[in-house]
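Number of protein chains: 2
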Amino acid sequence: MMVTVSDLGEYALIERVENFIQLRQLEYRPEIKLIAGIGDDAAAWQVSGIQVTTTDSMVEDVHFRRSTFSYFDIGWKSWVTNLSDIIAMGATPLGGLVTLGLPEDMLLEDFDSLYDGILSACKEYRTVVLGGDIVASRALFVSVTMIGSCEKTPILRSGAQIGDVIAVSGSLGDALGGLQLLEQGSAINTEASRRLIEKQRRPKVNVDFAQLSKILGIHAMMDLSDGLLIDLAKLAHSSGVATQIQASLVPISDELQKEFPLKAEEMALNGGEDYELLLVGAKNTLQDFVNRHPKAAIIGKVIEGERGSVTVFDASGFEMELSDLNWEHFK
Amino acid sequence: MMVTVSDLGEYALIERVENFIQLRQLEYRPEIKLIAGIGDDAAAWQVSGIQVTTTDSMVEDVHFRRSTFSYFDIGWKSWVTNLSDIIAMGATPLGGLVTLGLPEDMLLEDFDSLYDGILSACKEYRTVVLGGDIVASRALFVSVTMIGSCEKTPILRSGAQIGDVIAVSGSLGDALGGLQLLEQGSAINTEASRRLIEKQRRPKVNVDFAQLSKILGIHAMMDLSDGLLIDLAKLAHSSGVATQIQASLVPISDELQKEFPLKAEEMALNGGEDYELLLVGAKNTLQDFVNRHPKAAIIGKVIEGERGSVTVFDASGFEMELSDLNWEHFK
Chain U
22 MMVTVSDLGE YALIERVENF IQLRQLEYRP EIKLIAGIGD DAAAWQVSGI
72 QVTTTDSMVE DVHFRRSTFS YFDIGWKSWV TNLSDIIAMG ATPLGGLVTL
122 GLPEDMLLED FDSLYDGILS ACKEYRTVVL GGDIVASRAL FVSVTMIGSC
172 EKTPILRSGA QIGDVIAVSG SLGDALGGLQ LLEQGSAINT EASRRLIEKQ
222 RRPKVNVDFA QLSKILGIHA MMDLSDGLLI DLAKLAHSSG VATQIQASLV
272 PISDELQKEF PLKAEEMALN GGEDYELLLV GAKNTLQDFV NRHPKAAIIG
322 KVIEGERGSV TVFDASGFEM ELSDLNWEHF K
Chain S
22 MMVTVSDLGE YALIERVENF IQLRQLEYRP EIKLIAGIGD DAAAWQVSGI
72 QVTTTDSMVE DVHFRRSTFS YFDIGWKSWV TNLSDIIAMG ATPLGGLVTL
122 GLPEDMLLED FDSLYDGILS ACKEYRTVVL GGDIVASRAL FVSVTMIGSC
172 EKTPILRSGA QIGDVIAVSG SLGDALGGLQ LLEQGSAINT EASRRLIEKQ
222 RRPKVNVDFA QLSKILGIHA MMDLSDGLLI DLAKLAHSSG VATQIQASLV
272 PISDELQKEF PLKAEEMALN GGEDYELLLV GAKNTLQDFV NRHPKAAIIG
322 KVIEGERGSV TVFDASGFEM ELSDLNWEHF K
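Protein chains in written order, with my numbering: chain U, 22 to 352; chain S, 22 to 352.
Worth flagging that the hints you see were computed from the coordinates, not collected in a lab.
Watch out, some of these pointers could steer you wrong.
[Stated by the list, open to error] Restraint ranges, calculated between C-beta atoms of paired labels, are given here: (1) S/Q43 <-> U/N305: 32 to 38 Å; (2) S/K144 <-> U/D335: 49 to 55 Å; (3) U/Q308 <-> S/V24: 47 to 53 Å; (4) U/S179 <-> S/E219: 40 to 46 Å; (5) U/N305 <-> S/L44: 25 to 31 Å; (6) U/E130 <-> S/D28: 36 to 42 Å; (7) S/K235 <-> U/Q308: 20 to 26 Å; (8) S/V24 <-> U/D309: 37 to 43 Å; (9) U/D335 <-> S/Q43: 37 to 43 Å; (10) U/L55 <-> S/K235: 20 to 26 Å.
[As the list claims (entries may be wrong)] Here are the simulated DSSO-like pairs of lysine-lysine, each with C-alpha atoms no more than 27 Å apart in a straight line: (11) S/K173 <-> U/K173; (12) U/K316 <-> S/K54; (13) S/K173 <-> U/K54; (14) U/K54 <-> S/K54; (15) S/K54 <-> U/K173; (16) S/K279 <-> S/K173; (17) U/K235 <-> U/K284; (18) U/K284 <-> U/K316; (19) U/K54 <-> S/K304; (20) U/K225 <-> U/K173.
Note that the structure is predicted; figures quoted are calculated from it, not measured.
Where a beta carbon is used, it is the ideal one built from N, C-alpha and C, also for glycine.
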């Protein structure tokens, strides 16, 4: 007989999660110095410096479909999207709290896979589950609140200065490519398409980038979750500046080029969920960053002009039409 | 024409919330030293000592009904239930992150009332909204993750010692009384019933209790959210001890006694959501606490025996039947 989450009930599920967490935390040494973990009124830990926090949710049929994402994927991605926001402050992720909205008929084995995804991401990035809540919900959702710490001042979106250059930490558009392949539902039979889908379902982050707050000369930073053009416009708006970029400089992976030869550039400009960093700062600093990270590239500069504006030039130096820049893409 | 939240869309709603928050924060000085508030990848603040965090959600038709709770009530209570968990660690609440699950047809004016409830509780307790997320959801839900700080070691559930006495910080059962009056749907025409309903819909906490971690002699503490018997059993289980209490010593308000004369004692033992504190510690310390807080009372003691057990004696010294102690009350 198939056991569902409602067969167990809230208390037994929470106890199950507590056991999972305790077992998995024997496998690695987390960054955080815990005084009290899950199981009390609140978790408690020793801190130094500056704390940062963010929250992000994944909702069934909005951010994923159960037909194209495994439960492990859902858990993994929920955790990693939050890590990305912490790293984008130049802060080290410590741990997070997980609220699960579960359909009553969800199978216990699927619940276990979901938590396996969360705890595998925890281990990969030396973070911990600090607490959580479980509620009944028609649509499956995972809401994570992540906490991190930063020795120096965090890097905000608002620090871009006229004359700064703009860089990205890696190739863009891959996650959108993966999503389109999944939505088409066609047979996945190339290595390139498998890699794009992997980037959509199981994104990775680079925790070393959390150290960027120690480098002078990076003036503004954010993670690329909604798409380069939208996110750059947000950063420019926060900083009160205008920006221009060269479309041909935006890094595109061989995989995206191969699977979407005619649309790769547009996908790199507009596709979200790549969880690469958008960096703005002094030319020398970002040139040095790009030299040390071969997938990174300088793509444009900060200029005087209308607050929040983004102008895109093509390889021939012509200004591109931005009619597809849709701010309200979730509406 | 009535405007709904989906008429505005996610970005406009988030901007609306940011404006609300900025306006309201001009009205008071929060505890937290913010470096970056809402609007960046993450919020950032300066810390000292120990940090604590907790999360708790309220879901329509599980934790409240829209027919008996105003939107203001829902916002207020979501915030305060989380404050209560932070205070129960002996920590000062600083701020929280709010994830809202909104039905598409929710009216914008109701959204505003919901946030007014959250921000009114923020002001009352000098806390701030540090971030959030807005998602579409069939059932309305509010999920809050709260962060606090503690100068000394936080007070855990696990510190109760044999020989300790057990106290509660105020009268119990009122919130259950209020809930029953709301569910009965009868006309509310007495001052007593109005007060009970107020305790259910708009609970209050005492932030002074956050200082209890500075007092030696309080060994274990938690907030009473699920009901005295269940919560005491949890604390006893965490501490590896047994407990006994005297039912007649549990404080009952005049209002509960008046509205539920035959059931008041049972309601005080089993009713949840009072958000009073359960304190365990040295007799002198808790006697002193009770002397300074007239609504508080010593109700029992920690004994050797089966881990997690709670024995209740009636006024004649007879052991009471606990067949109504239902751990799986959410199932």
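Hints and how they fare:
no., hint, in the structure
1, S/Q43 <-> U/N305: 32 to 38 Å, "36 Å, holds"
2, S/K144 <-> U/D335: 49 to 55 Å, "51 Å, holds"
3, U/Q308 <-> S/V24: 47 to 53 Å, "49 Å, holds"
4, U/S179 <-> S/E219: 40 to 46 Å, "42 Å, holds"
5, U/N305 <-> S/L44: 25 to 31 Å, "41 Å, violated"
6, U/E130 <-> S/D28: 36 to 42 Å, "41 Å, holds"
7, S/K235 <-> U/Q308: 20 to 26 Å, "52 Å, violated"
8, S/V24 <-> U/D309: 37 to 43 Å, "50 Å, violated"
9, U/D335 <-> S/Q43: 37 to 43 Å, "39 Å, holds"
10, U/L55 <-> S/K235: 20 to 26 Å, "22 Å, holds"
11, S/K173 <-> U/K173, "25 Å, holds"
12, U/K316 <-> S/K54, "37 Å, violated"
13, S/K173 <-> U/K54, "15 Å, holds"
14, U/K54 <-> S/K54, "22 Å, holds"
15, S/K54 <-> U/K173, "15 Å, holds"
16, S/K279 <-> S/K173, "42 Å, violated"
17, U/K235 <-> U/K284, "37 Å, violated"
18, U/K284 <-> U/K316, "20 Å, holds"
19, U/K54 <-> S/K304, "33 Å, violated"
20, U/K225 <-> U/K173, "24 Å, holds"
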